[in-house]
Amino acid sequence: MRVLIDGQVLMGNKTGIGFYCHNLIRGLYQLDGSHEFITVYNKFKPRKQKYVIGEERYIRYPYSYLREIMKGRFLYSIPLERFMGDFDIYHGTNYSILPTKRAKTVLTVCDLVFKKYPETVAVRNLRFLSYFVEKYTICATKLITISESTKKDVVDFFGIDPDKIHVTPLAADKFFRVISPEDSYFAEVRAKYQLPDRFILYVGTLEPRKNLQRLISAFAKTFKRTGCEHKLVLAGGNGWMYDGIFKLVQELGLEDKVIFTGYVDACDLPHLYNLADAFAYVSLYEGFGLPPLEAMQCGIPVLASNVSSIPEVVGEAAILINPLDTEAIADGLEQLLSDTSLYANLKAKGLERAATFQWRQTAQQTLDCYLAAINADR
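Throughout the sequence shown, residue numbering follows my numbering, covering 3 to 380 in sequence.
There's no promise every hint is true.
To be verified - With a cut-off of at most 27 Å between alpha-carbon atoms, the simulated BS3-like pairs for lysine-lysine come out as follows:
| hint | residue 1 | residue 2 |
| --- | --- | --- |
| 1 | K226 | K249 |
| 2 | K259 | K223 |
| 3 | K259 | K349 |
| 4 | K233 | K223 |
| 5 | K249 | K103 |
| 6 | K103 | K194 |
| 7 | K176 | K194 |
| 8 | K137 | K154 |
| 9 | K137 | K103 |
| 10 | K166 | K137 |
| 11 | K154 | K117 |
| 12 | K166 | K176 |
| 13 | K351 | K176 |
| 14 | K233 | K351 |
| 15 | K226 | K176 |
| 16 | K118 | K166 |
| 17 | K166 | K154 |
| 18 | K137 | K117 |
| 19 | K118 | K154 |
| 20 | K249 | K233 |
| 21 | K233 | K194 |
| 22 | K223 | K349 |
| 23 | K233 | K349 |
| 24 | K249 | K194 |
| 25 | K223 | K249 |
| 26 | K137 | K118 |
| 27 | K259 | K194 |
| 28 | K194 | K154 |
| 29 | K166 | K117 |
Calculated from the structure, these hints are not laboratory results.
All chains should be built: construct the whole structure from the sequences, respecting the hints.
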């Protein structure tokens, strides 16, 4: 079986979908040598080839072909086989697929936040997603979602047959781990991001969906009630509509208590997690939610939202709260910082829970989806 995998999400800084694509490709290569997997890009290979895995092959989309696709003519454009030769499967990893003649198509839908919380999505992205994604889900031979929650959303919003959808839960990368306190790189990471001695950590983009204003308000309540020595570290690049986050910090007088690191290099993340005392993730909606899993795999107790896919990820290994209730978030933070028995219990449960998610399993489930697509009617 010859499979083309859309690798355009690997071209910039690695975020959620980039981590997914990278680890999926690596898992497929390690899983089965009898199939050919080819990663396709729209311009160049990733910078410094930092995503190259083993014998991974690359093919570039021809510009003339992409020009038609970018005009939105995906249903009427020249089939991809004209440029790429024969293949069996085209896997669109980021909400879109390209037209094929005989090959079957698999589409990954990571989440439907643009349907559930359209006000949290940038207008330029909302227009594309709202117009095209439903069409792509109908056209694709098979769909992949990364949680049961997102599968339900796809069925509810688009009326897709549940049997068409394969669920392939993700996993934390193996380099997320408990690191010895003697590791010399801790000092470098602490200095690089100007980290305090004690802190609660959030990792992710600064954007409305992540609900950071409620997290900051809850942290302010916790600090006022307990006088805790911890600071709040928000680690991630600016997304959109992030001005209100910085403004709230100023209004609450928390400039010396809330630290913004900006985008954190992937190689620094394991040490960043290990330096934290607790991890808070109060997002309004997630297709999966890798950061809580990464934190648990590093042995860091987690406070997380009780909505969308997040309970699927953390199970009973985290404190779950209503992300719309600032008081509940504050109470959860206080529990994490004051209850030593609960803290130790969550740390142990988190490590056990994280170990149940494996990229090899994700790759196998994806391969099963490819084989099902091969045998499916168009």
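Against the structure, the hints come out as follows:
1. For the proposed pair K226 and K249, the alpha carbon gap of about 19 Å is at most 27 Å, so the pair holds.
2. A distance of roughly 12 Å separates the Cα atoms of K259 and K223; the hinted pair therefore holds under the 27 Å criterion.
3. Taking the CA atoms of K259 and K349, the gap is about 25 Å. The hint holds against a cut of 27 Å.
4. For the proposed pair K233 and K223, the alpha carbon gap of about 13 Å is at most 27 Å, so the pair holds.
5. Between the alpha carbons of K249 and K103 the distance comes to roughly 52 Å, so the proposed pair goes past 27 Å and is violated.
6. For the suggested pair K103 and K194, the alpha carbons sit about 51 Å apart, so the restraint of at most 27 Å is broken.
7. Between K176 and K194, the direct Cα distance comes to roughly 23 Å. Compliance with the 27 Å bound is thereby established for this hinted pair.
8. Distance check on the hinted pair: K137 and K154 sit about 17 Å apart at the alpha-carbon level, within 27 Å; holds.
9. Distance check on the hinted pair: K137 and K103 sit about 17 Å apart at the alpha-carbon level, within 27 Å; holds.
10. Our distance criterion of 27 Å between C-alpha atoms is met by K166 and K137, whose separation comes to about 15 Å.
11. Annotation: proposed proximity of K154 to K117 holds, straight-line Cα distance about 13 Å (limit 27 Å).
12. A distance of roughly 31 Å separates the Cα atoms of K166 and K176; the hinted pair therefore is violated under the 27 Å criterion.
13. Pair hint K351 plus K176 holds up; C-alpha atoms about 18 Å apart against a cutoff of 27 Å.
14. With a CA separation close to 25 Å, the supplied pair K233 and K351 stays within the 27 Å bound.
15. For the given pair, K226 sits about 38 Å from K176 by alpha-carbon distance, which is inconsistent with the 27 Å threshold.
16. Using a Cα cut-off of 27 Å, the hinted pair K118 and K166 holds, with the two alpha carbons roughly 21 Å apart.
17. With a C-alpha separation of about 12 Å, the suggested pairing of K166 with K154 holds against the 27 Å cut-off.
18. As the CA atoms of K137 and K117 are separated by approximately 14 Å, the hinted pair is consistent with the 27 Å bound.
19. At roughly 12 Å between alpha-carbon atoms, K118 and K154 fall within 27 Å of each other, so this suggested pair holds.
20. With a CA separation close to 17 Å, the supplied pair K249 and K233 stays within the 27 Å bound.
21. For the hint pairing K233 with K194, the CA-to-CA distance comes to about 17 Å; that is within 27 Å, so the pair holds.
22. Only pairs whose Cα atoms come within 27 Å are accepted, and K223 paired with K349 is accepted, the gap being roughly 24 Å.
23. Between K233 and K349, the direct Cα distance comes to roughly 20 Å. Compliance with the 27 Å bound is thereby established for this hinted pair.
24. A distance of roughly 24 Å separates the Cα atoms of K249 and K194; the hinted pair therefore holds under the 27 Å criterion.
25. Of the pairs offered as hints, the one joining K223 and K249 holds, with about 17 Å between alpha carbons and a cut-off of 27 Å not exceeded.
26. Between the alpha carbons of K137 and K118 the distance comes to roughly 18 Å, so the proposed pair stays at or under 27 Å and holds.
27. The suggested pairing of K259 with K194 holds, with an alpha-carbon distance near 18 Å, which does not exceed 27 Å.
28. For the hint linking K194 to K154, the alpha-carbon distance of about 42 Å lies beyond 27 Å, and the restraint is violated.
29. Restraint check: the Cα-Cα separation between K166 and K117 comes to about 20 Å, which is no more than 27 Å; the hinted pair holds.
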